[in-house]
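Q: Those sequence lines, one after another, are chains A and B. Start counting the first sequence at 89; every next residue gets the next number (the numbering used here). Start counting the second sequence at 89; every next residue gets the next number (the numbering used here).
You may find that some hints are simply not true.
You can't tell identical chains apart in this list, so a pair holds if it fits in one copy or across any two.
Unchecked claim - Straight-line distance between alpha carbons at most 20 Å, and here's what the computed SDA-like set of lysine to any residue pairs gives:
1. 305 / 289
2. 127 / 471
3. 305 / 192
4. 468 / 104
5. 468 / 107
6. 305 / 292
7. 468 / 103
8. 127 / 330
9. 127 / 144
10. 468 / 560
11. 305 / 315
12. 305 / 190
13. 468 / 509
14. 305 / 142
15. 468 / 212
16. 305 / 362
Simulated from the structure, these hints should not be mistaken for laboratory data.
Below, each chain spelled out in residue letters.
Number of protein chains: 2
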Amino acid sequence: MAAWQVALQLSAGDQPLFRQIVDAIAVDIARGRLGVGGKLMSSRALASQLGVSRNTVVAAYEELCAQGWIAMEPTRGAFVVGVPGTTRGYPDAAGFDLPAPIPMTLPAPRREGMLLLLGGVPELRGLPYRQLARAYRSALSGPSARRLLDYAHPQGNLELRTALAAMLASLRGLAAPVESITVVRGSQHGLYLAGRSLLRPGDVVAVEALGYRPGWKALELAGATLVPVAVDRDGLDVAALEALATTTPVRAVYLTPHHQYPSTVTLSPERRARLLALAEARRMIVLEDDYDHDFHYEGRPVLPLAAGDRAGVVVYFGTLSKSLAPGLRLGYVVATPAVAQQLAGYRTAFDGQGDHAVERAVAMLLEDGEVQRHVRSALKAYRTRRDALCAALRQRLPQLELEVPAGGMALWARAPGIDTDAWERRGRDHGVVMQAGSRFTFDGTPNEYVRLGFSSCSEGELEEAVARLVRALP
Amino acid sequence: MAAWQVALQLSAGDQPLFRQIVDAIAVDIARGRLGVGGKLMSSRALASQLGVSRNTVVAAYEELCAQGWIAMEPTRGAFVVGVPGTTRGYPDAAGFDLPAPIPMTLPAPRREGMLLLLGGVPELRGLPYRQLARAYRSALSGPSARRLLDYAHPQGNLELRTALAAMLASLRGLAAPVESITVVRGSQHGLYLAGRSLLRPGDVVAVEALGYRPGWKALELAGATLVPVAVDRDGLDVAALEALATTTPVRAVYLTPHHQYPSTVTLSPERRARLLALAEARRMIVLEDDYDHDFHYEGRPVLPLAAGDRAGVVVYFGTLSKSLAPGLRLGYVVATPAVAQQLAGYRTAFDGQGDHAVERAVAMLLEDGEVQRHVRSALKAYRTRRDALCAALRQRLPQLELEVPAGGMALWARAPGIDTDAWERRGRDHGVVMQAGSRFTFDGTPNEYVRLGFSSCSEGELEEAVARLVRALP
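Chain A with its partners taken away, still in its complex shape:
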């Protein structure tokens, strides 16, 4: 086994040479550049290469030995043991009697050759990466750099709130003064925060019977008792909600009225009006999750419920995860200023504040129209992809019953007589990730539906994905 080649550059700073050597080797081990069992150069050779005294290197090796990174074997030299602790047999959490665990949500594998038909996963090719980096640099080079890295306002960077207010007013008919906007770390964060600051333990929250499970989890963790209400072609069954509210004190309703998640239907105008009236009459909080507002293909997007809210009952959740990128962790909650203040108070206790430097950079992208440009280009691409997916499905899987969705990043199709859970599983084996309907039912019951996202695949990839789905049919 060849000895490790040291990549270390000693600097003349005030860090002792000995410490620099220890750190460099520890970092190489931790990063895996220097694998377990790997042999280090002899202390003599390393000393000569670095031009330092051999004693310095010996002392560094001894320190690494004492810390457990390496071991010295008398005649053979120094070998890598690994990152200390990994080898020490860390005790597990047994004996702690922890609360029920929540499975970690790991990102879907964007691995070579795997095609992701996941709604809600945006296309990240073509993002304004350079513009974002430039905006960040610009934020950190101005006179306000210090302010942006300091303790700051829990509702978020004022410039970003201003840019969002302008966008909401001009594109979504939403009158949102900056004090009514709280910038959060994505919809998940906003929902948990709203649940925790607006609900009391045990409060009943009505949710769509086919809906967004991570959102439910956030509300549940915040203490809510969830009750499902049916969804049909016109969205949430508001009459059923009304009936429920006569027998149960329904404190809030959580819904996705625009492109209903997962069925993509739009809440009908009659139901919108009826829901707002019901909420006003009963002081029911309407948690409106408008996660992919921008992506509407037939005419203009439908305005949010919040745009018609004259009673201050709607708490509106928007996100930049779809229109820009999920990794930025930027969403926003719009509510009356009093409710916004309640959210912000709880926010200080949960995570203090957001990252104002990134928020400022994204504000610049909004001010410069970069976000809007990206959305327009994504919108065109998604429309084409939607049509390509529908065409491929109609040709290759004519047994599927589907309607072309007016908006969103996925379609919802009925697969009569097919075990969709099995299809999903087999799909993965065939290199395509899609979601069976059971992922969206309130109690996990299987159904005959599948959700097929089209936003993150090119047309060619969609063709291929459908071919794989055909092969994967159970």
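Knowing the structure of chain A, use the given hints to seat chain B on it.
A: Using the frame of chain A, we list chain B on its own:
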């Protein structure tokens, strides 16, 4: 009143001209560049300036009118009304019966001339702003840019966890494999997350009787019942904790053993050993908040309790808020891999994941030694400032009883016979912000102590701050 000068640049993109004009004006109103009551240019003049048809401008003005941004007065033209909604008389949250509000924590006013003697507020002059911006750009320009802006691992960017592992091993004697590290949004986020995922509602958590109130709030919100335990010159009174544990099931203890917050004392070696033995025997979780580890002036920093933990009872909280900047919102929790997984699961439900692009950028600053360089330079500055503050106090306020702290960013002084709450209030009027002891007592009881931070003021500013404190004496 002069008419507003339009700064609008029309672009030949696919956004209609009419929409571009609407957006530009709405943004200017939202940003306050175009104030309420301000007069817009006539549609004719604007059309001529922009080189578009007058009808386009008229349509834009009509849309702005319909949305409530501006009003048209027949003979006088168009005037700014304001951001729609602000003028509409938003209803407040009355009728919602919300949970108890939490006061928003707003940042201390770094306003012109105000001197901040706040411990925990780092010096932000001299931060490696350019290097950070460069690292961010580098992260977003490499082949991994897409991955960094995508859905990602809830425990945080692997490169950052690796760099932290190397730092913890080499500087804090802490053997932390990457799977034991969860990158969070600062200590506050980490504490809340730990409280929520490791404790059950009502669980008793012992806290330092003089301690960190925001941390208490996070644990309380997570459902904990807090019980104070005394602190003396050797830190937390471990014998008292032992006694408490014989009568009450103490599930966890939250403490700041290094530079105790607020008293700056260090937990004695005997008590450290005794605490670890107690925790191991009773399976008590030790929540160790090591918020300003790096800033130790006399010899080497004391190793964390976590470094001596062989039983997996310590959950260790570190932060980059002090060693780099609070605005980055970066902290980390180190625990056994099993506990780390429990944290990460809850994290997915609370806020999904962190911002991996910023995390990667900070990893580069750690890999390149930029953070370490900044810490070394801050350490020197803080030591000098500590000494300057002590000298000024001894000279100008000899009645204060103080000891030079071995570490940290503040000193803790007894002011016999002085109403320290009044002194704090009067201080603000005299342009100096410091903290009275009542901010750190478990029940808010006043005491004779004050906490005076020295980290964010130059020596000259400290001199002046002490002069103001003298004038502000009640």
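Q: Take the hints in turn and mark each one as holding or not.
A: Consistency of the hints with the structure:
Taking the shortest Cα distances, residue 305 and residue 289 sit within 20 Å of each other both inside one copy (14 Å) and across copies (18 Å). Proximity of residue 127 and residue 471 under a CA criterion of 20 Å is satisfied in neither setting, with 56 Å inside one chain copy and 41 Å between copies. With identical chains, the CA atoms of residue 305 and residue 192 are at most 20 Å apart within one copy only, with a shortest distance of 12 Å there and 26 Å across copies. For a Cα distance limit of 20 Å, the shortest separation of residue 468 from residue 104 across copies, 16 Å, qualifies, whereas the shortest one inside one copy, 57 Å, does not.
In the homo-oligomer, the alpha carbons of residue 468 and residue 107 lie at most 20 Å apart only across protomers (18 Å), although the nearest pairing inside one protomer, at 55 Å, exceeds that limit. In this homomeric assembly, residue 305 and residue 292 come within 20 Å of each other (Cα to Cα) only inside a single copy, at 14 Å, whereas the closest approach across copies is 26 Å. For the homomeric pair residue 468 and residue 103, the shortest alpha-carbon distance between copies (13 Å) is at most 20 Å, but the shortest distance inside one copy (55 Å) is not. Taking the shortest Cα distances, residue 127 and residue 330 never come within 20 Å of each other, neither inside one copy (72 Å) nor across copies (47 Å).
Taking CA atoms no more than 20 Å apart as the test, residue 127 paired with residue 144 passes inside one copy only; the shortest distance there is 19 Å, against 74 Å between copies. Neither within a single protomer nor between protomers do residue 468 and residue 560 lie at most 20 Å apart by alpha-carbon distance, with minima of 30 Å and 65 Å respectively. In this assembly of identical chains, residue 305 and residue 315 lie within 20 Å of each other by CA distance solely inside one copy; the values are 13 Å within and 30 Å between copies. In this assembly of identical chains, the alpha carbons of residue 305 and residue 190 lie at most 20 Å apart only when taken from the same copy (9 Å versus 23 Å across copies).
Proximity of residue 468 to residue 509 under the C-alpha cut-off of 20 Å is found in neither arrangement, the shortest distances being 32 Å within a copy and 62 Å between copies. Proximity of residue 305 and residue 142 under a CA criterion of 20 Å is satisfied in neither setting, with 59 Å inside one chain copy and 53 Å between copies. With identical chains, the CA atoms of residue 468 and residue 212 are at most 20 Å apart within one copy only, with a shortest distance of 14 Å there and 44 Å across copies. In this assembly of identical chains, residue 305 and residue 362 lie within 20 Å of each other by CA distance neither inside one copy nor across copies; the values are 27 Å within and 40 Å between.
Hint check: violations occur at hints 2, 8, 10, 13, 14, 16; the rest are consistent with the structure.
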